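Colleague: Heads up: the protein sequence lines correspond to chains A and B, in order. Under my numbering, the first residue of the first sequence carries the number 1, and numbering increases by one thereafter. Under my numbering, the first residue of the second sequence carries the number 423, and numbering increases by one thereafter.
Hints may be right or wrong, so weigh each one.
DEER-style ranges, computed between Cβ atoms [unchecked claim]:
#1 A:Glu188 to B:Ala780: 53 to 59 Å
#2 B:Asp760 to A:Asp239: 45 to 51 Å
#3 A:Glu404 to B:Glu459: 37 to 43 Å
Hint data in this document are derived by calculation from the structure and do not stem from the laboratory. Model, not experiment: these values are computed from the prediction. Even for Gly, the Cβ is constructed at its ideal location relative to N, Cα and C.
There are 2 protein chains.
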Amino acid sequence: MKKRIALLGAGTVGAGVCRLLAENGDMILDNNGVEIEIAAILVRDLNKERPGVPKELLTDDFEKIMADDSIVLVAEAMGGVHPALEYALRVLKAGKCFVTANKELLSQHFEELERTAFEHGTGLYFEPSVAGAVPVIKALTDSLAANRIYSVMGIINGTTNYILSKMSEENMGYAEALAEATELGYAEPDPTNDVEGYDARFKLSILSSLAFDRRVYVKDIFCEGITAITADDMRVAKDMGYGIKLLAIGKMEDDKIQVRVHPTMLPLSHPLCSVNGSFNAVFVNASAAGEMMFYGRGAGDMPTASAMAGDILHALMQETRRRYPFVLGGVPAAQITDDWNSAFFLSSVAQDEPLVLARVANIFGKHGVSLKTVLQPGEASDGCTRVILITHITSELKFRKALEELKELDCIEVRNIIRVEE
Amino acid sequence: MKKRIALLGAGTVGAGVCRLLAENGDMILDNNGVEIEIAAILVRDLNKERPGVPKELLTDDFEKIMADDSIVLVAEAMGGVHPALEYALRVLKAGKCFVTANKELLSQHFEELERTAFEHGTGLYFEPSVAGAVPVIKALTDSLAANRIYSVMGIINGTTNYILSKMSEENMGYAEALAEATELGYAEPDPTNDVEGYDARFKLSILSSLAFDRRVYVKDIFCEGITAITADDMRVAKDMGYGIKLLAIGKMEDDKIQVRVHPTMLPLSHPLCSVNGSFNAVFVNASAAGEMMFYGRGAGDMPTASAMAGDILHALMQETRRRYPFVLGGVPAAQITDDWNSAFFLSSVAQDEPLVLARVANIFGKHGVSLKTVLQPGEASDGCTRVILITHITSELKFRKALEELKELDCIEVRNIIRVEE
Chain A
1 MKKRIALLGA GTVGAGVCRL LAENGDMILD NNGVEIEIAA ILVRDLNKER
51 PGVPKELLTD DFEKIMADDS IVLVAEAMGG VHPALEYALR VLKAGKCFVT
101 ANKELLSQHF EELERTAFEH GTGLYFEPSV AGAVPVIKAL TDSLAANRIY
151 SVMGIINGTT NYILSKMSEE NMGYAEALAE ATELGYAEPD PTNDVEGYDA
201 RFKLSILSSL AFDRRVYVKD IFCEGITAIT ADDMRVAKDM GYGIKLLAIG
251 KMEDDKIQVR VHPTMLPLSH PLCSVNGSFN AVFVNASAAG EMMFYGRGAG
301 DMPTASAMAG DILHALMQET RRRYPFVLGG VPAAQITDDW NSAFFLSSVA
351 QDEPLVLARV ANIFGKHGVS LKTVLQPGEA SDGCTRVILI THITSELKFR
401 KALEELKELD CIEVRNIIRV EE
Chain B
423 MKKRIALLGA GTVGAGVCRL LAENGDMILD NNGVEIEIAA ILVRDLNKER
473 PGVPKELLTD DFEKIMADDS IVLVAEAMGG VHPALEYALR VLKAGKCFVT
523 ANKELLSQHF EELERTAFEH GTGLYFEPSV AGAVPVIKAL TDSLAANRIY
573 SVMGIINGTT NYILSKMSEE NMGYAEALAE ATELGYAEPD PTNDVEGYDA
623 RFKLSILSSL AFDRRVYVKD IFCEGITAIT ADDMRVAKDM GYGIKLLAIG
673 KMEDDKIQVR VHPTMLPLSH PLCSVNGSFN AVFVNASAAG EMMFYGRGAG
723 DMPTASAMAG DILHALMQET RRRYPFVLGG VPAAQITDDW NSAFFLSSVA
773 QDEPLVLARV ANIFGKHGVS LKTVLQPGEA SDGCTRVILI THITSELKFR
823 KALEELKELD CIEVRNIIRV EE
């Protein structure tokens, strides 16, 4: 059967979808009995050169796509919230399926989109929005459908993982690694969105909403970027058997949901620690399946196009629609918490006096934070010494209080704080 | 909507499915709108104690399941080819969906089952048959549907991975590690099926058939087990920066398919090298998505039940059936080859004489095999010395010929051969 679709956007991902369907359309037809025909491609500039994108399909008129009843699915790869949202709602209200790679759109307007799809009996698909080619959305919604999800921990921003990998492998500083990432096109000219963790936060909003069957809003996600990580942190961590990764973490503990994006120290033996360069990976802990990891290319034209084409085919073959827990109810009572348990790594410079450690330990003790490791690496110089602490697992809020008090001491200067997961 | 299903078998996996649906049936209904009701469970012995399995659903009469038109799906977890095959064909001919965890059944009778499902307009699902909870089947058939698959490389036998991990981590010999695996229940009393690679071969037949859209028969898969691997091999490999894993490899190169199960040396930095214990992982290289890895529990009651429940739900919600390339055509002209390219590690003991290396190198040279590394670790004793060779990438058949000639030399005794992948 032939199915006609439209694309919104013919940038990197849109053009990738064109190329992929042109190359492998015959194989898809042979294997699945579906012939996917791109009927129209919405662009702003009709005259721009776009290799692999058939010029005769271009249109700058969204209404032409809406008016064509033979188009049963619209795939969006334009990015940005507007006008993507308005288009998405129009498409769904017309009963056409909507496939999107747009994490920002989804994380901001998940419920409205899901509800509209539900009310109009059509489908919303978004595998390409998180972790590129890695089929983690389908894993959470389909393969693990019979599981309670305890946690998701993901390296879901390739730019920051590239930077941190460079820092670790080549002992580079943050600025130098960022400069190289920018030069190679892994980081955008303004890297804020990536290095401050905002991009990972959008994606975690989507992942954790699916994992916990509850709408998790971007605003509720704790977020800390990688800009404060130094070559020294990286080195000290490695000496202690840890790597440092920007993790997006969603956990359900005691019916509370914790959602957070921050640099994280992980044991070098942890599967996520060997995810290097611009690769993405999501580690899932599920009630029946146990621990799983999904690893692959999180960005790029063809990896994202691969996910989009997979979703297009899936949508075209799926008659029954599902997965509207936010709309239909079925949401557990779980609440988002701003407190959670983890261990902390603290790097500092302190006066080289016998009583300093006692004063530090005293403050932590007062706030119920117990220390697991205290190191004074290297020699003292100028009357100062490095002090590295790792706490036992403790409460985020207790630690923050202890830290506040610690910062008031004259005898110690806190350089960095990094959360530790095992 | 309520859907009634039957289970064949109430062993580890069948009982796991019962428990999982009992625990999480409400959540599945909330999220997907489907209520899965187990209507009957076929067992041989009605009186055996089976915790978590409702006794009132047990039957020893397969005909009762067939006669019940309200049962729309049958999930099989009995194992063995007979009578599973006869049951499967009856189920499919009756237009009911068939879900199976039975790799042996599938790898031996894939086409007959697919054809029967096709001819009767129903569905055949088998995610639990390979790598337990890891959704690699769905990745190959759905998520990567728009990709050509270049290769699959999998650690898909937990028993052997447990043994090799123990040997590597604790410097154990094969016999000792096997004994521990047996004691802990990771290996069966007769471990032949696992340690000789037969189990992995069944699974590779399924994976590579899907990957290459061509029926790959068990008999065409080269198979070598792990019984010859020694603690010494493991140690030498590690010193050279390699780990040793039992890999199931399917590759398409120059329109030829190579399929092989054998112990493999992999660089320690390869993602598959950090897959330890009884975990499974499948590494896929796809044309658009690039390199991916799927990691998780490859066996056990709940992980396999997780995959089975996911497939059951998927089948119940899927109206359109697909993926019958073996039946409908669409098979590329690719042929299975018994020659392929890889590097080789050769461990030997040779006479400590200046000309021995020259004679060895001469034989390899004559057969067009070039050497990358030659090591003589340790001191000579009793006039003998260890010789370790690693070849450049070469042809399997050329290497075998060189090896034959090498074995005729008096001055060198070949201890072990291990293929090397990068």
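Colleague: If a hint holds in the structure, say so; if it does not, say that too.
Modeller: Results of checking the hints against the structure:
1. A hinted range of 53 to 59 Å for the beta carbons of glutamate 188 of chain A and alanine 780 of chain B is consistent with their spacing of about 58 Å.
2. About 49 Å separates the C-beta atoms of aspartate 760 of chain B and aspartate 239 of chain A, a value consistent with the hinted range of 45 to 51 Å.
3. Here the CB-CB span from glutamate 404 of chain A to glutamate 459 of chain B is close to 56 Å, at odds with the stated 37 to 43 Å.
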